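Protein chains in written order, with my numbering: chain P, 191 to 499; chain Z, -15 to 442.
If you're looking for bench data, these hints aren't it; they were derived computationally from the structure. Hints should not be assumed to be uniformly reliable.
Unchecked claim - With a straight-line Cα cutoff of 20 Å, these simulated SDA-like cross-link-like pairs (lysine to any residue) come out:
#1 P/Lys276 / Z/Pro226
#2 Z/Lys237 / Z/Pro226
#3 Z/Lys423 / P/Gln271
As the list claims (entries may be wrong) - If you anchor each label on the Cβ, the simulated ranges turn out as follows:
#4 P/Val332 / Z/Gly415: 39 to 49 Å
#5 Z/Asp256 / P/Arg279: 42 to 52 Å
#6 Z/Asp256 / P/Leu488: 51 to 61 Å
#7 Z/Pro283 / P/Phe438: 38 to 48 Å
#8 Z/Ser111 / P/Phe438: 30 to 40 Å
#9 P/Ala259 / Z/Gln126: 17 to 27 Å
#10 P/Glu277 / Z/Lys50: 55 to 65 Å
#11 Z/Lys166 / P/His354: 41 to 51 Å
#12 P/Leu349 / Z/Lys264: 19 to 29 Å
#13 P/Leu287 / Z/Asp256: 29 to 39 Å
#14 Z/Gly308 / P/Pro330: 52 to 62 Å
#15 P/Thr266 / Z/Lys423: 21 to 31 Å
#16 Z/Ser111 / P/Ile339: 43 to 53 Å
All of these numbers come straight from a predicted model, not from anything done at the bench. Where is the CB? At the ideal position from N, CA and C, for every residue including glycine.
Chain by chain, the residues run as shown.
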Amino acid sequence: MRAEAGDGPGLAPAAAGRRRGERPPGGRSQGLVFVIPALLLITVFLILPALWTLYLGLTDYRLTGLQAAHPKVIGTGNYTQALGDKEFRDALGRTLLFVLGSAVIGQNVLGFVLAWALRSARASVRALVETLVLLAWILPGVVVAWLWIAFLKDQGGALNTILHTSGHDWWFDHPMGSLIVFNTWRGTAFSMMLFSAALSSVPPSQLESARLAGAGGWQQLRDVVIPGIRGHILTNTLLISLWTFNDFTPYLITKGEPHSASAVLPVYIYLTALPGERLGYASAISLIMLVINLLLALAYVRILRRRPA
Amino acid sequence: MTITRVAALVVATGLALSGCSGGASGGGGTTIRISANAIKGGKNSTEAEWITDYVIPKFTALEKSKGTKVTIRFEGTGVDDAPYKEKTALDLKTGTGADLISIDGIWVGEFAQAGYLKPLDQVAGASVDQWDGFRQIPGPVQSIMSFDGQKYGLPTGTDGRVIFYNKQLFARAGLPADWQPKSWDDILAAGRKLKQLHGVTPIQLNAGTAMTEATTMQGALPLLAGTGHEIYENGTWLGNTPQVRSVLDLYKKVYGGGLGDPKLQQNPQGRDESFQRFSKNEVGILLESDYFWRSVVNPQGGIDPMPARDKDVGYALIPAAAPGQGVRGQDAVSMSGGSGWVINPHTRNPSLVWDLLTFMGGHDAVKDEVRRAAVGISPRQDVNAETLSGDPLLNFIATKVLPITSVRPGLAAYPQVSTALQKATGDIVAGGSVDQAAKTYEQNLVQAVGGAGNVTTG
Chain P
191 MRAEAGDGPG LAPAAAGRRR GERPPGGRSQ GLVFVIPALL LITVFLILPA LWTLYLGLTD
251 YRLTGLQAAH PKVIGTGNYT QALGDKEFRD ALGRTLLFVL GSAVIGQNVL GFVLAWALRS
311 ARASVRALVE TLVLLAWILP GVVVAWLWIA FLKDQGGALN TILHTSGHDW WFDHPMGSLI
371 VFNTWRGTAF SMMLFSAALS SVPPSQLESA RLAGAGGWQQ LRDVVIPGIR GHILTNTLLI
431 SLWTFNDFTP YLITKGEPHS ASAVLPVYIY LTALPGERLG YASAISLIML VINLLLALAY
491 VRILRRRPA
Chain Z
-15 MTITRVAALV VATGLALSGC SGGASGGGGT TIRISANAIK GGKNSTEAEW ITDYVIPKFT
45 ALEKSKGTKV TIRFEGTGVD DAPYKEKTAL DLKTGTGADL ISIDGIWVGE FAQAGYLKPL
105 DQVAGASVDQ WDGFRQIPGP VQSIMSFDGQ KYGLPTGTDG RVIFYNKQLF ARAGLPADWQ
165 PKSWDDILAA GRKLKQLHGV TPIQLNAGTA MTEATTMQGA LPLLAGTGHE IYENGTWLGN
225 TPQVRSVLDL YKKVYGGGLG DPKLQQNPQG RDESFQRFSK NEVGILLESD YFWRSVVNPQ
285 GGIDPMPARD KDVGYALIPA AAPGQGVRGQ DAVSMSGGSG WVINPHTRNP SLVWDLLTFM
345 GGHDAVKDEV RRAAVGISPR QDVNAETLSG DPLLNFIATK VLPITSVRPG LAAYPQVSTA
405 LQKATGDIVA GGSVDQAAKT YEQNLVQAVG GAGNVTTG
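This is chain P alone, in the form it adopts within the complex:
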């Protein structure tokens, strides 16, 4: 990620290589050859669509009608409208809540607790728990969505049967709360696995010394374990935040209902674009979303860089 000092684009590659005297001659051009396929893929599948989205966002493009055949460029109208639109801001707010609740807190904490607890568990217990948690992760989204609709259904739902609260409509009364619980359940496996690997890299000798020095369980965790896996925590948080931010599974369960109360940003964009048929406006929101994604990623990368070597 980090650009090497002095490797600015203005410097002649050969000069840079000679100065260090490490690279064989022609290494830079060879490297370029290796990178070109990747760059091409990124251009075709990421940069061009992003530019296309930017362009569509400047038009009144629609799914049908005259504006489908001949979209007009209307300037930045869509972008200013989106930023002033309460529906958009509400959707963004719900998305941030969704990310904070289900990814940053939910999956992170639950994943860590599971990884921590399973360290000292018997192999059979460990295998069983890991399988169950992984299952939630690898099942197809459509299947999972139906399971959760059935699980939280007001009439005859499993949860209501267990709690004897028949008629309580979880998806309706607590749409965001239910989605957060759902997504925590759905995505914890990744955090658990990542933390399991990270915890095994903490040298037992350090923990042993801490114990000898009289540190309790909590102190060991705070002063030895967490500093040791700080990078893993940040990387994990970055990945699951971005995934959750872009997650479309909520649509499969609630379609944004009731009255948009569960319309996170991807769902809102979809509802605007296809049933709403406003492809131009939806493209504008998509681009705003892309920018937010980039900012999120950038923020994490900066924090990650600042960690002590």
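Following the hints, complete the assembly by docking chain Z onto the known chain P.
For chain Z alone, kept in the frame of chain P given last:
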């Protein structure tokens, strides 16, 4: 990246994988694909059965007797109308999709403007006008599949909206078996009596965006017609006006007064569930088109069959707000629409597809379609004369409803206007005030129809 593009890509990829646009296939024959929002055992099951059990074998045999080998594939779906429309629009946009496609008549204008559809004579040749079947189809019915004076497809029939009511619940609530409300107050009064019954939702008046067009066609628009105005009059759209507010006020009385179930309107499967509840004697009054009678509570092949439908399900005209206050000074109002078949302009076998279409619109095929209850009121007068008397509701619609009915404006802006109306009713159901909902509605409307100059306020 962007969800829209991903969605389009997924749809397009799916189509590519499923074999792309129809054309010559192996074995020397020709393959034609038919697409409709109908599927055996699910939505519009009888229509799917008509296609697979009648149209395909009969037409294939007919062509075989002429020495042509034709294979017809039916691509059925059973989803809500909105996703079917999205799929169809994306199919046509990307130059894929079936050769013969069933669409709602209200989409013809916007699809034509977008260039997704072409007039029939441009697709299948000038000879289409010589088909004698057109002489059997009255002009207003042909106009369902027309735009700007040109025929884009063949209508499969028309429909009408009425108030359905559950006679068992009416008897238990002390209401008459042959009920005909004269005003909105009569409906509310009946609702209040039904409310006394335990576990019964008195009135199902579709609301909110989850029910999409069903909210507009079976809710906002017939009510609006009952105030004496239509959504599009004299070149402008009806904005925040006393008429729109009185429609929203009725919604408020139903959903704020405990006469309807607000949750059902916001439930993604709400419409299906309301049908289910009606069939289980848990809903008293429900506004729907004859589709409900033919395809939902029909004891033969309905989604939620009611064994004693003819005895237990009553129907009445939708009253104006008060007698004489409806459009054209009517006492009662309704809304009609219809769907039909269009030929994909990208088809490789236009004349063969046209032959198939005329076969499907011919006397014998239409009669079989009616016999299966796949269509209510057929487009053909010769068939209607033979069949309508056999079904009391269809007869009622043909003789009592069609003379007083209204239709939606076939303009490309309409779908957005419809969404604005759905949102307004949704605001009420979610507890909002009539004034606020009407104000937001007008903002959305102005944006949808391109400026305040196209909107009536006041």
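Structure-based check of all given hints:
1. This hinted pair does not check out: P/Lys276 and Z/Pro226 have alpha carbons roughly 26 Å apart, beyond 20 Å.
2. In summary, the hint linking Z/Lys237 to Z/Pro226 is supported, as the alpha carbons are separated by about 16 Å, within the 20 Å threshold.
3. Pair hint Z/Lys423 plus P/Gln271 holds up; C-alpha atoms about 18 Å apart against a cutoff of 20 Å.
4. Range check, P/Val332 to Z/Gly415: about 32 Å between beta-carbon atoms, so the 39 to 49 Å window is missed.
5. The beta-carbon spacing between Z/Asp256 and P/Arg279, approximately 33 Å, falls outside the hinted interval of 42 to 52 Å.
6. A beta carbon spacing of about 45 Å between Z/Asp256 and P/Leu488 contradicts the range 51 to 61 Å that was offered as a hint.
7. Separated by about 40 Å at the C-beta atoms, Z/Pro283 and P/Phe438 satisfy the suggested range of 38 to 48 Å.
8. At roughly 48 Å, the beta carbons of Z/Ser111 and P/Phe438 sit outside the given window of 30 to 40 Å.
9. Taken as a hint, the range 17 to 27 Å holds for the pair P/Ala259 and Z/Gln126, whose Cβ atoms sit roughly 25 Å apart.
10. For the pair P/Glu277 and Z/Lys50, the supplied restraint of 55 to 65 Å holds, since their beta-carbon distance comes to about 58 Å.
11. Distance hint check: the CB atoms of Z/Lys166 and P/His354 are about 47 Å apart, consistent with the given range 41 to 51 Å.
12. One distance hint, 19 to 29 Å for the beta-carbon pair P/Leu349 and Z/Lys264, holds here, with the actual separation near 23 Å.
13. Checked against the hint of 29 to 39 Å, the C-beta distance between P/Leu287 and Z/Asp256 comes to roughly 30 Å, which is consistent with it.
14. In this structure, Z/Gly308 and P/Pro330 meet the distance hint of 52 to 62 Å, their C-beta atoms being roughly 58 Å apart.
15. Roughly 26 Å separates the CB atoms of P/Thr266 and Z/Lys423, a value that falls within the hinted 21 to 31 Å.
16. In this structure the supplied range 43 to 53 Å holds for Z/Ser111 paired with P/Ile339, their Cβ-Cβ distance being about 52 Å.
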